[in-house]
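With chain A held as given, fit chain B onto it using these hints.
Protein chains in written order, with our numbering: chain A, 1 to 258; chain B, 1001 to 1318.
Don't read these hints as lab results, they were simulated from the structure. Where hints are given, some of them may not hold.
Heads up, incomplete: computed chain B residues facing chain A, CB under 10 Å, no partners named [claimed, not checked]:
{"no.": "1", "residue": "M1081"}
{"no.": "2", "residue": "H1082"}
{"no.": "3", "residue": "L1088"}
{"no.": "4", "residue": "P1089"}
{"no.": "5", "residue": "E1090"}
{"no.": "6", "residue": "Y1095"}
{"no.": "7", "residue": "L1098"}
{"no.": "8", "residue": "G1151"}
Keep in mind the model is a prediction, meaning the values are calculated, not measured. Just so you know, even glycine gets a beta-carbon here, dropped at the ideal spot from N, CA and C.
What follows is each chain in one-letter form.
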Amino acid sequence: MRNVWTVATNTFREAVRDRVLYNLVFFALLMMGAAILVGQISIGIEESVIASLGLTAISVIGIFIAVFIGVGLVSKEMEKRTLYALLAKPVERWEFLLGKYAGLVMTLTVNTAAMAAGLYIALWTVKHPLERSDWYLLVAVYLILLKLALIVALAMLFSCFTTPFLAILFTVGIYIAGVFAEDLRTMQAVDLTPATMKSLRGISYLLPNFENFNVMAAVAHGRGVPASLVWQDTGYAIVYAAIVLAAAAMVFSRRNLK
Amino acid sequence: MPIPAIEIENLSKEYPFGFLNLKKKRSLESLSMQVHTGEVFGFLGPNGAGKSTTIKLLMRLIFPTSGTARILGKSIEDVSMHQEIGYLPEQPYFYDYLTAAELLDYFARFHGLKAADRQERVQRMLKKVGLQTAKKIQLRKYSKGMLQRAGLAQAILHDPQVVVLDEPMSGLDPLGRREVRDIILELKKDGRTVLFSTHILSDAEMLCDRVGVIVGGKLRGVGTPGEMVGIQTQGMEILFEVDANGKNFPLLAKATKTGERYRVQLPEAELYGALDELKAVGARILSVAQLKPTLEDFFMNLVDADRAQANAVEVSGQ
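Here chain A stands alone, though its shape is the one from the complex (with noise of 0.2 Å):
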């Protein structure tokens, strides 16, 4: 492991290098205003606001990281042929692979938590003491990081094959159709055969489940999150990404460089 710890850090040194960091101003301006601005035109409803507000930019603005990120953590190496040195020391493929991964995550982690923080600030400005069910927000943000978590691995699937820009084409649809799977699943149509709609359930069941990690609603209004939904979420995503992360490796370690 201690190639993949290697790879991992550098991989985190690159992105705070390469500035990946510099979008919290961004989310910290963002929530800036965000408490200035609720604070004169919603009475009583600030803190809701702002929790749905701070917690849709850390998911979105992680989404844009993982996807993009994603997909250049091995095809920019290979692009930029950096990555020929690296494979001629005693590295196995799948190690590089798995450390680019926990690098990005590590990073995600980093972004995600500062982010949160961000949050904390602006809910404090506009109401302090916080209460108890403030903290159920941590709970949404951990479920966002274990989603990003995901999407970092379908990136990295998809950069392994094909092109960049399919490889981004190909994460954001599964993104997509992975939050609607509940929907397609549950879908009532009458004009579908009985085959196609098992088939639809089958694919449905294929997808990942990306509504799964989706509380923020309900902890944006103060209702807490079950234990149990934590850990199926927590055991879901570590088993996909685990998945597919076996994918990419075997489609990885027979790549012929260019």
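Leaving out everything else, chain B in the frame of chain A:
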């Protein structure tokens, strides 16, 4: 019998291309050769000959269509083999957000070196390749030659037994080329095996114990530079000065004039007759030298023959 440092058996590589990748282009054809332990082996060939393909196959950056290769007795599929190998890619490009010292430290970690050892080696290597003063500058600000030096440093950082260098002189100024030559000779002195590809034939003649010439994906010959070019002389060359006003003698018609001097090439058997002729017209003989084929002549003959064959195939449509 000692194990060869590098052993290649019937290595072939085809690349798919065209619509649905249905067509295949063969860039390496049944390559078999050995590099002996402790020798400097030069891999020569024009662009697209298959030199880099061979090296990339050895470094498992690409995978062979058929054939095998071993380095220090281990299959190239065995990752542990890379503990004893140093590799400089062609036109190397590294993480440009790192400094040279950080890059070397990063690569050293994959060899399991301890922090103190890493630091000592990094400093030593930076000094060796002349990057000591630039060690704190990010690689994005490096020139092509400086990147080449950083690449060389990472290739020999862990003291490998076998060093594979893909066009190590590329992008270097005369001083840099000389430094690379010195490093290669130093590696040889330390008993390391060096395989390097190059276009620069004078470097190969100067450094290599043996060379292999590859043209059109096929190995055309392996041997010492002397063996490759043959030992027979190709004739004699006389350099002379003469006041040619009004004089007309047969040798003058054959000679090429450069400035005030004349140069004539002729078979060895005609040398004494020509010298008598020059003496008779009062010419001043500046030098008489044997004409020996160079590695470049050998190389160019092979390339010309290959092109001629390709043209013949094209004309006949086969």
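Could you tell me which of the numbered hints above are not met by this structure, giving the numbers in increasing order?
none
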